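By the count of the numbering used here, the sequence shown reaches residue 513 at its end, each step adding exactly one.
Just so you know, the hints here were simulated from the structure itself, not pulled from any lab data. Please read all numbers here as calculations on a predicted model, not as lab measurements. Yeah, the Cβ is synthetic: ideal placement off N, Cα and C, and Gly gets one too. Treat the hints loosely; a few may be bogus.
Derived Cβ-Cβ restraints for the label pairs, each shown as a range [unchecked claim]: (1) 271 <-> 243: 22 to 32 Å; (2) 481 <-> 48: 54 to 64 Å; (3) 44 <-> 271: 37 to 47 Å; (4) 64 <-> 268: 15 to 25 Å; (5) 413 <-> 505: 34 to 44 Å; (6) 395 <-> 230: 43 to 53 Å; (7) 213 <-> 48: 21 to 31 Å; (8) 92 <-> 250: 38 to 48 Å; (9) 78 <-> 316: 31 to 41 Å; (10) 50 <-> 231: 48 to 58 Å.
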Amino acid sequence: MKFIEFFLFILSIIKAHLWFIGKVIAVFLNPIVKIARQLTVILILIFMSYGFAKISASWLSYLIAYSTIASDIKDYGKKLDTDYWFERQKIEKLKKVSDCSQLDQMQLRELEYDSHDIRYIGVKLGSDKLCTSNGLIDFPIIEAQQPPYIRYISPISKKKETAVLMSVNQQTFLVDITVSDFSKFFFYFCNKCLSFHYEHDLDNISFKPTTWFVMRSDLGHLNGVVVVDKYLQEKLNQRNIYYYWLIYFLLLCLISAGIIYYYHSRHDLKKLLVVGCKKNEFIPYYQPIMSLDDTLQGVEVLVRWKLSNGSLLLPAYFIDVAEKIEVINQITLTLVKKVQKDFSRYRYQYERKVFCAFNLTAQQIENKAFIDQLIDMLKSETNFIASFEITERQHFKNLAMAKANIRSLQGQGYQIKLDDAGTGYGGFSYFMDFNLDGVKIDKMFIDVIGVDDVKVEVLNSIIMMAKRLGIDIVAEGVETQQQVDFLRAHKIDYIQGYYYSKPVPFSELDFND
Numbered sequence: 001m002k003f004i005e006f007f008l009f010i011l012s013i014i015k016a017h018l019w020f021i022g023k024v025i026a027v028f029l030n031p032i033v034k035i036a037r038q039l040t041v042i043l044i045l046i047f048m049s050y051g052f053a054k055i056s057a058s059w060l061s062y063l064i065a066y067s068t069i070a071s072d073i074k075d076y077g078k079k080l081d082t083d084y085w086f087e088r089q090k091i092e093k094l095k096k097v098s099d100c101s102q103l104d105q106m107q108l109r110e111l112e113y114d115s116h117d118i119r120y121i122g123v124k125l126g127s128d129k130l131c132t133s134n135g136l137i138d139f140p141i142i143e144a145q146q147p148p149y150i151r152y153i154s155p156i157s158k159k160k161e162t163a164v165l166m167s168v169n170q171q172t173f174l175v176d177i178t179v180s181d182f183s184k185f186f187f188y189f190c191n192k193c194l195s196f197h198y199e200h201d202l203d204n205i206s207f208k209p210t211t212w213f214v215m216r217s218d219l220g221h222l223n224g225v226v227v228v229d230k231y232l233q234e235k236l237n238q239r240n241i242y243y244y245w246l247i248y249f250l251l252l253c254l255i256s257a258g259i260i261y262y263y264h265s266r267h268d269l270k271k272l273l274v275v276g277c278k279k280n281e282f283i284p285y286y287q288p289i290m291s292l293d294d295t296l297q298g299v300e301v302l303v304r305w306k307l308s309n310g311s312l313l314l315p316a317y318f319i320d321v322a323e324k325i326e327v328i329n330q331i332t333l334t335l336v337k338k339v340q341k342d343f344s345r346y347r348y349q350y351e352r353k354v355f356c357a358f359n360l361t362a363q364q365i366e367n368k369a370f371i372d373q374l375i376d377m378l379k380s381e382t383n384f385i386a387s388f389e390i391t392e393r394q395h396f397k398n399l400a401m402a403k404a405n406i407r408s409l410q411g412q413g414y415q416i417k418l419d420d421a422g423t424g425y426g427g428f429s430y431f432m433d434f435n436l437d438g439v440k441i442d443k444m445f446i447d448v449i450g451v452d453d454v455k456v457e458v459l460n461s462i463i464m465m466a467k468r469l470g471i472d473i474v475a476e477g478v479e480t481q482q483q484v485d486f487l488r489a490h491k492i493d494y495i496q497g498y499y500y501s502k503p504v505p506f507s508e509l510d511f512n513d
C-alpha cells in the first residue's frame, strides 16, 4: 500500500514537472511560432507578387512605352514646327530667284549646307520646274497634303518624298526635310528599338515579325509612323520586372493589412460588446410617434451604446455583430429594464399611457426561451403599453416556431408590427405568414412624396393594402410639412420622424398634448 502511495506521489511530481516544462517551452516557442507565421505570410506575398509581375510585365511595359513614346512624339512635333519657323527665317533672307542662275544655285547650296534639317531646297519656277542647288529640274507633285506639306516624286532618288512648301517674298520654296535625327531624339533604352518614317498610304503598311506595336501620329499632317521593335519589350521587362514586383508586393501588403485590420477590429468589437453588456452600457433613446392631431401616442425604443468616455455609438456600428455573437438578447432585455425604470418616473406625472415599440429580430422571435423571458419581464408592467416591431435584417429559419411565439406575444396583448416594410428579407410575405397588427412604412417610400409621382404610386399601394387588411399604419422618416400633409390626407394612423423629433433620452421627451 505504501509502495502504491509512493508511486502515485512520484507520478504527481513528474506530472507537475512536465507541466512546468511545457509552460516554459510554450513561453519560448510561442514567439517563434508567431514569427514563423509572419515569415510564411511574407513569403506567400513575395511569390504572389512576383507571379503577378511576370504575368502582367508585357502589359505594364506596353503602357510605359506607349505613354513615353506618345509624349516624345508630341515633343517631336513641336520640334518640327520650330524647325519650320527657323528655316523660314533663313529663306526670307535669300535674294529673289529669277532664272536659276549660278548665283541662285550658290545661295541655295549655302542654305542647305548651313541647315542640318534640310536635305535640299528648291524654288518653283512655273508649274512643273524647280530651281535647286544642282540646277533646273522637273518637279511633278503627286499628292498635296494639307499645306504647307506635300508629297512628290524626288528627281534625285526617284522615290516618294515629303517636303514643305513655303511662300516667301512672292516665291514658293520647296524644302525637303530630313528625319535623320529621329533616332537621337527618341533614344529609348536601345539605339535600334524605334524607327520613324512618313507613309503615303497608312492602310497598307507592312511590318516585320519583330514589330511590337506601331504608333501613328499626324506630325504636321505628315502621317508619321513610329515602329517599335519587340527588343524594347524585352529590355523593359528585364529592366523593370523588380519594380513591377515591388508595386504588387506593396499593393498586396496594403490589402493584407486592410484585411487584418478589419478582422481584428471586428474581433475587438466582439470583445467590447461582451464587456459592454456586462457593464450595462446600452441605453434606450426614444423617438416620438404622433397621431394626426400631433398628440404623442407612443415611442420607438432605439438602442445607443454609451461608452465609458461618454460618447454614443449608433446601432449601425455594432448591431450586426451583436446579432452574430448572440448578445442581442441581453441587449434587448437590458433596454426593457431601463425603459421600465424610465417610465416608473412617468407614472407620477401623467395618467395617459403611451406605447413603447421594441425591435425584435427574426432570430429572437424564433427563440422561445427568450420570448418567454420577455413576456415574464413585461407581465406586470403598468406604466406603458409594450409593442414589438419585426426587423428584416434576417430571414426566418423556423417559421412554425416564429408563428407560435408571435401568437404568444399577441396573446399577452402586445401588438406586432412589420418594420421597414418591403426593404428586407420578408417583405409583404410576412402579412401572409403572420397575423400582424400594423406596418411601418420605411423612409425610402416617404422620401418620394412631392418628388417622384411615379414612385409615389408604390406608397399608395402600401397604404391601400394596409387599410384593406385593417391594420395600423405608421409612417417613419417624415421630415417635411409636405410629407405630413400628404400622410394626413391619406389618413395614416401614426407619424414618426425628424419633423417632430430626433431620438432623444427620456428626460427630453415631451408628453404634453
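Broken hints, by number
Result: hints 1, 3, 4, 5, 6, 8, 9 and 10 break, sorted rising.
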